[in-house]
Amino acid sequence: MTSDPVLVAERVVRGFGGVRAVDVEHLTVERGTITALIGPNGAGKTTLFNVLTGFDRADGGRWSFDGTDVTGLPAHRIARLGMVRTFQLTRVLGRLTVLENMLVGARHQPGETLRRALVPALWKGKRAADVDRARELLDRFALGAKAGDHAASLSGGQRKLLEMARALMNEPTLVMLDEPMAGVNPALARSLLDHITALRDEGRTVLFVEHDLHLVKSVSDRVVVMAQGAVVTEGAPDTVLRDPAVVDAYLGAHHDTDLREIIARETARETAGETAEETG
Amino acid sequence: MDILLTSLQQIMSPVTAAYALAAIGLNLHFGFTGLLNFGHAGFLAIGAYGFAISVAVLDLPVVVALLVAVALAVLFALLIGIPTLRLRADYLAIVTIAASEIIRFTVNSSVLAGLTGGAQGINNNEAMGNSYSQAFKDANPFDAGRVEIGPWVFTATQLWAAILTWVVVAVVAALVWALMRSPWGLVLKGIREDEHALTSLGKNVRLYKTQSLIIGGVIGALAGIMLVLPSTVAPGDFNSRLTFNLFTVLLLGGAATILGPVLGAIVFWVLLQASDGLIQLGERGGWLGGFADASQLRFTLVGIVLVVLIVFRPQGMLGDRKELAFDDK
Numbered sequence: 001m002t003s004d005p006v007l008v009a010e011r012v013v014r015g016f017g018g019v020r021a022v023d024v025e026h027l028t029v030e031r032g033t034i035t036a037l038i039g040p041n042g043a044g045k046t047t048l049f050n051v052l053t054g055f056d057r058a059d060g061g062r063w064s065f066d067g068t069d070v071t072g073l074p075a076h077r078i079a080r081l082g083m084v085r086t087f088q089l090t091r092v093l094g095r096l097t098v099l100e101n102m103l104v105g106a107r108h109q110p111g112e113t114l115r116r117a118l119v120p121a122l123w124k125g126k127r128a129a130d131v132d133r134a135r136e137l138l139d140r141f142a143l144g145a146k147a148g149d150h151a152a153s154l155s156g157g158q159r160k161l162l163e164m165a166r167a168l169m170n171e172p173t174l175v176m177l178d179e180p181m182a183g184v185n186p187a188l189a190r191s192l193l194d195h196i197t198a199l200r201d202e203g204r205t206v207l208f209v210e211h212d213l214h215l216v217k218s219v220s221d222r223v224v225v226m227a228q229g230a231v232v233t234e235g236a237p238d239t240v241l242r243d244p245a246v247v248d249a250y251l252g253a254h255h256d257t258d259l260r261e262i263i264a265r266e267t268a269r270e271t272a273g274e275t276a277e278e279t280g
Numbered sequence: 001m002d003i004l005l006t007s008l009q010q011i012m013s014p015v016t017a018a019y020a021l022a023a024i025g026l027n028l029h030f031g032f033t034g035l036l037n038f039g040h041a042g043f044l045a046i047g048a049y050g051f052a053i054s055v056a057v058l059d060l061p062v063v064v065a066l067l068v069a070v071a072l073a074v075l076f077a078l079l080i081g082i083p084t085l086r087l088r089a090d091y092l093a094i095v096t097i098a099a100s101e102i103i104r105f106t107v108n109s110s111v112l113a114g115l116t117g118g119a120q121g122i123n124n125n126e127a128m129g130n131s132y133s134q135a136f137k138d139a140n141p142f143d144a145g146r147v148e149i150g151p152w153v154f155t156a157t158q159l160w161a162a163i164l165t166w167v168v169v170a171v172v173a174a175l176v177w178a179l180m181r182s183p184w185g186l187v188l189k190g191i192r193e194d195e196h197a198l199t200s201l202g203k204n205v206r207l208y209k210t211q212s213l214i215i216g217g218v219i220g221a222l223a224g225i226m227l228v229l230p231s232t233v234a235p236g237d238f239n240s241r242l243t244f245n246l247f248t249v250l251l252l253g254g255a256a257t258i259l260g261p262v263l264g265a266i267v268f269w270v271l272l273q274a275s276d277g278l279i280q281l282g283e284r285g286g287w288l289g290g291f292a293d294a295s296q297l298r299f300t301l302v303g304i305v306l307v308v309l310i311v312f313r314p315q316g317m318l319g320d321r322k323e324l325a326f327d328d329k
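Keeping their order, the protein sequence lines are chains G and Z. For the first sequence, UniProt numbering assigns the number 1 to the initial residue and increments by one for each residue that follows. For the second sequence, UniProt numbering assigns the number 1 to the initial residue and increments by one for each residue that follows.
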């Protein structure tokens, strides 16, 4: 297979005070694939997302998207190039309706400039086409019946779906999903995975952050493992997830210890701590 | 009965129209874009002074004076917007309240008295030949004398002022309606809800916020001109109480609605006038025990009404209660 990367990042560094939150030597995302970014809490996954999408500044490094150097570009310009992200904590527009949430996601709407806003003839056609596309996507994401409701009335899982659907309104080349399955019930997680697969099948590239190794294994074409800001390893899911170094980095060295033992040990430690406090 | 009639006459007053217009501008900032502008009085002052100085001191034609007022408001919006709109919302609140106070102290200072009249303000005296509203009076199509409409009697000037100002309010309200139903307006409302989400969808959030600040500010400046047209320009009128009265008007009527600011301004002034009448009645009857400053009581009454409103109808008179049910967005 010839390499056709849609995203290439070199030596991307981001520090907070003395801590190097991100220090990625090299990262590529191949076009038309699903790449999972995994790693323990605090590994720098979200910070890397923020830096690459322009929501945070980098201290060093270069990265390009679809052949264009986008290093240091403002977030909205990166998004316009076709690299659209979602957020770990969903950001739906609560006091707008579900349909309005979708419409605001559309790109190339001429009526969004002040000059054309006052001439409905210039934007009505595009708006009608957007409404059709929005309804289609809402049906696909099982939100069709909710189109007229305020987005704030949606459940947590529905908000995840809406955010993903809204990102699709933007017709992105690369969809970056920050923990799309976090806090979602297993049935919905399953359907989110199906949606992610469908994105690839319609020709988009997906990069997503996830914790659950089993979920990652079932959908991703490639897995990138981060720990302490750096990329530890990357490759096909089967190889990577069997790598003992990954399992250790990700789950800790005690992942195969019986949970009851750990709890007993923690309880003992806490009791000891409390006794010490009382005497102290 | 007299109290009721005089109170209702406030509906036609150009001051009420000026408040309605100013609140429409504030609504664009606060209600639709989520910008915390606590210095709207500054925009009104800039409009009033820019216009009055251009006409009365610099002898410029009215049209040029209007353009000067608008240009100054745009400049003021850029000046406070460029450094603060990239920051969190609360910084804009701090900067706007400070900037409007700077404007007030500047026009109040004796250094610029040649232009602004310092603490005296700018007279609007036809006899002395320095009236800035002469052109407006000359354009009056009504014959001098009194006009009766129902139980109310207006002078020709009053009627002309009422019609002119309310037409401006209607035109601007229609303009804001047209803007807010457009995709541009939808982006503004989206920014109010979550600006990061809009950035992630490729919208230039700072550009939209700057546009909103400028348009709302220019509307505020026009309201400032309307406010001083029938009277004089006095620096004390543009203190932060004006800003907070405008917020009262906006919350009364309902933020993020088109007609909320208009209805709010009418209710605000009718209530203020009614409480004034009642207090005067009380004073004459000697029921108030000779309060030194009974006229200040009316703002207390307005305050009580506002509290009652916030408790029982927090969305304002025209707002949508459902929208308030989700404050945990």
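The hints are simulated quantities; they were obtained by calculation from the structure and are not laboratory data. Among these hints, one or two may not hold up.
Said to hold, decoys possible - List time: in silico DSS-like cross-link candidates among lysine-lysine, alpha-carbon distance up to 25 Å: (1) Z:K189 - G:K146; (2) Z:K189 - G:K124; (3) Z:K189 - G:K126; (4) G:K146 - G:K124.
To be verified - For each label pair, taking beta carbons as the anchor points, the in silico distance ranges come out as: (5) G:S64 - Z:A89: 29 to 35 Å; (6) Z:R181 - G:G156: 51 to 57 Å; (7) Z:W152 - G:E171: 58 to 64 Å; (8) G:L89 - Z:R313: 29 to 35 Å; (9) G:T113 - Z:Y91: 41 to 47 Å; (10) Z:D59 - G:R77: 44 to 50 Å; (11) G:G125 - Z:D320: 27 to 33 Å; (12) Z:A139 - G:R77: 29 to 35 Å; (13) G:P110 - Z:N239: 39 to 45 Å; (14) G:P186 - Z:A93: 43 to 49 Å; (15) Z:V311 - G:E171: 32 to 38 Å; (16) Z:D320 - G:D139: 25 to 31 Å.
C-beta atoms are modelled at their ideal positions from N, C-alpha and C, and glycine is treated no differently.
Holds or violated: Z:K189 with G:K126, Cα cutoff 25 Å? holds, 19 Å
Practice problem: Evaluate the given range 44 to 50 Å for the C-beta pair formed by Z:D59 and G:R77. | Solution: Because 48 Å falls inside the window, the suggested range holds.
Point to revise | Outcome for the supplied range 27 to 33 Å, where the beta carbon pair is G:G125 and Z:D320 | key: Holds - the Cβ-Cβ distance for G:G125 and Z:D320, about 29 Å, lies within 27 to 33 Å.
I want to verify a distance hint. Is the separation of the beta carbons of Z:W152 and G:E171 within 58 to 64 Å?
holds, 60 Å
Problem - Outcome for the supplied range 29 to 35 Å, where the beta carbon pair is Z:A139 and G:R77 - result: violated, 49 Å
Can you let me know if the beta-carbon spacing of Z:D320 and G:D139 is within 25 to 31 Å? Once the Cβ atoms are compared, 27 Å apart, the range 25 to 31 Å for G:D139 and Z:D320 holds.
Practice problem: Starting from Z:K189, check that the Cα of G:K146 is at most 25 Å away, please. | Solution: Holds - the C-alpha atoms of G:K146 and Z:K189 are around 20 Å apart, at most 25 Å.
Measure nothing beyond the straight line between the CA atoms of G:K146 and G:K124; if it is 25 Å or shorter, mark the hint as holding.
holds, 23 Å
Could you check the hint for me, namely that G:P186 and Z:A93 are 43 to 49 Å apart, CB to CB?
Since the Cβ atoms of G:P186 and Z:A93 sit about 45 Å apart, the hinted range of 43 to 49 Å holds.
Agreement of Z:K189 and G:K124 with the hint, judged by alpha carbon distance not exceeding 25 Å: holds, 19 Å
Given the hint of 41 to 47 Å, is the C-beta distance from G:T113 to Z:Y91 inside that range or not? For G:T113 and Z:Y91 the Cβ distance comes to about 27 Å; the hint is violated.
message = I want to verify a distance hint. Is the separation of the beta carbons of Z:V311 and G:E171 within 32 to 38 Å?
response = violated, 47 Å
Taken one by one, the earlier hints fail for this structure at numbers 6, 9, 12 and 15, listed in ascending order.
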